[in-house]
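Undergrad: Chains A and B, in that order, give the protein sequences. Heads up: the first sequence begins at 23 in this note's numbering, then just goes up one per residue. Heads up: the second sequence begins at 252 in this note's numbering, then just goes up one per residue.
Since the hints were derived computationally from the structure, they do not count as laboratory data. Since we're looking at a predicted model, the values are computed, not measured. Each residue gets a CB set at the ideal place from its N, CA and C atoms; glycine is no exception. Careful: at least some of the hints might be erroneous.
Unchecked claim - Derived CB-CB ranges, DEER-like:
hint, chain 1, residue 1, chain 2, residue 2, range
1, B, Phe496, A, Ser264, 45 to 51 Å
2, B, Pro308, A, Phe170, 21 to 27 Å
3, B, Ile396, A, Ser264, 29 to 35 Å
As the list claims (entries may be wrong) - Stretch-level coverage of chain B by chain A, calculated; a stretch enters the list once three of its residues show a Cβ under 8 Å from a Cβ in chain A:
hint, segment
4, 298-312
5, 329-341
6, 370-378
7, 426-433
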Amino acid sequence: MPSLKERFNLEQMKRNIVDSQVWRSMFRHGYEDTPRNRVLMVVDNLWLHLHPTKIRRHAIRVRFTWCMGGITFLLFLYLTVTGVVLMFYYRPVGEYAYADMKYLEFDAPFGMFMRNMHRWAAHAMVISVWLHMLRVFMTGSYKPPREFNWVIGVTLLTLTLLLSFTGYLLPWDQLSIWAVTVGTNMARATPLLGHEGPFAEMVGVTPRFDARSALLGGTIVGPPTLLRFYVLHCIVIPLIASILMMVHFWRIRKDGGISGPL
Amino acid sequence: MAKEDKIVGTSEDLPRTSWERVNDKVHVWPYLTRLEFMCAIILTIMLTAWSILVDAPLEEPANPSATPNPSKAPWYFLGLQEMLVYFDPWMAGVVLPTLIIVGLMAIPFIDVNPKGNGYYTFGERRFAILTFLFGFLVLWVWLVIQGTFLRGPGWNFFMPWEEWDPHKVVALTNVDLPYLLGFRGYWTEAAVGAVCLLAWYATIPAWYIWRRKSLVNVGVVRYAIKSFLFVTMMGLVAKMALRIFLNVKYVLVTPWLNI
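Let the hints inform the model, and build the full structure from the sequences given.
TA: Listed below in structure tokens is the structure:
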């Protein structure tokens with residue numbers, strides 16, 4: 023008859039779980055602190071294998087990297103998660119959009135919290151992208167062989183601004199409609215393609231058919247604009263940005279890892 | 252056991268100066284992953300606290316017939332909205348943003364200085380850093396701050412202690428530069444304006460002829476793009492100064508476009 027202590031041997035129970043076929047099918051190895059295991063922790067993990075297994079010492083110094091690229095990516099993930107939650111409650115229709123904002127604020131569980139997080143993370147992301155670009159410039163990291171990754175980075179910066187701008191319209195309140203009106207009024211002055219731009223009469227564009235109306239789906243910021251910006255904000259731009267982010271991260275590795283003194 | 256294979260908890264184990272030991276590497280797990288983890292936790296806490304404490308703004312429902320004064324673009328575009336004071340919309344809203352994006356993308360290809368790759372330095376690339384910081388801090392960050400806090404109704408300038416008075420009277424005494432210089436007549440002024448503009452950009456070939464020897468490894472095409480972007484950026488500053496100090500509206504007035 024085994025004693026109570028033998029029966030509830032925690033060590034033995036842990037071993038039984040960890041050695042079970044189910045556990046081992048999910049987790050290939052434990053946390054032993056051996057050089058081999060440290061490498062396996064990175065290469066065996068889909069998310070961590072973005073990283074190399076070893077990295078130059080200066081590359082983990084916050085004073086060198088400012089952590090801003092990583093923070094930007096993390097904020098993008100936050101925005102994706104909170105954005106999907108908001109999509110459950112929000113309808114991009116002129117009649118409903120503002121009412122749904124009120125519903126989010128007063129009725130939906132954690133609705134206001136999700137909206138706050140989405141908005142503040144979006145502002146923070148604009149700032150962190152700027153700071154990331156500033157850091158990359160100040161360390162001269164755009165220099166060969168990383169020229170093209172800088173170009174992708176500038177595109178991602180532009181896409182971040184466009185994401186933020188298209189999202190700005192969605193609350194469908196006075197702040198959003200007029201900010202977007204001011205922003206998109208520029209498009210009517212596009213040379214050749216805007217009806218108030220230079221040389222417009224030579225091309226023959228009109229207020230109804232020019233660069234601005236293509237963007238707005240009409241001559242003013244109205245319900246068709248709301249739908250257009252919603253689709254751009256939730257599908258088109260995130261998709262393009264995600265693809266470019268993959269290229270951006272991949273190229274960091276292919277260009278020899280994070281920049282450093284040669 | 253090698254030093255770095257021990258479980259070490261502090262950054263004291265890492266050397267203080269980075270550039271000497273170039274091939275000195277550390278494991279990503281745990282040295283980088285723990286840093287990323289801490290960073291993610293701190294950011295999450297900050298964002299969560301901020302989202303609990305501060306509510307996102309929501310104003311009255313959208314109303315196309317009630318224009319607020321001032322109407323402002325989202326804060327990160329206020330630098331461009333500020334440009335509307337100095338340039339027509341086709342320039343401020345279309346040409347300048349395009350030049351900014353293209354100009355930023357062109358940086359790696361027009362900066363031929365091989366030094367300062369992967370470390371902080373000012374002495375080895377003064378011109379590049381001063382130009383970029385000027386554009387970043389003054390033309391971008393400062394104009395955003397000014398547009399957010401100092402531009403009130405009618406896009407008029409208000410100091411922080413001034414009330415935003417929608418009836419503030421601002422004399423519109425703007426004149427065009429050729430008129431200010433004493434030239435009269437539509438086509439005369441257009442010609443003088445064109446000469447002013449050409450003179451501004453004539454600094455590009457002039458500088459090339461003067462400093463040809465030092466520009467050998469830059470190349471003509473690269474020099475042309477680089478100096479065009481730089482002179483245009485400085486032109487923007489010059490136009491702002493003309494507008495602010497001399498009330499100049501346009502330099503060049505033609506039937507097709509005004510600059």
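Undergrad: Please verify the coverage claim for the segment 370-378 of chain B: does it have three or more residues whose C-beta sits within 8 Å of some C-beta in chain A?
TA: holds (count 4)
Undergrad: The segment 329-341 of chain B covered by chain A? Criterion: 3 or more residues, Cβ-Cβ distance below 8 Å.
TA: holds (count 5)
Undergrad: May I ask you to test the hint 45 to 51 Å on the CB atoms belonging to phenylalanine 496 of chain B and serine 264 of chain A?
TA: With a Cβ separation near 47 Å, phenylalanine 496 of chain B and serine 264 of chain A satisfy 45 to 51 Å, so the hint holds.
Undergrad: Is the listed coverage of the segment 426-433 of chain B by chain A valid when you require three or more residues with a beta carbon under 8 Å from a beta carbon of that chain?
TA: With 0 residues in contact (Cβ-Cβ under 8 Å with chain A), the coverage given for the segment 426-433 of chain B is violated.
Undergrad: If you count the residues of the segment 298-312 of chain B with a beta-carbon closer than 8 Å to a beta-carbon of chain A, do you get 3 or more?
TA: holds (count 13)
Undergrad: For proline 308 of chain B and phenylalanine 170 of chain A, compare the CB-CB distance with the range 21 to 27 Å and indicate the outcome.
TA: violated, 39 Å
Undergrad: For the pair isoleucine 396 of chain B and serine 264 of chain A, does the Cβ-Cβ distance stay inside 29 to 35 Å?
TA: holds, 32 Å
Comparing the model with each numbered hint stated earlier shows that hints 2, 7 do not hold.
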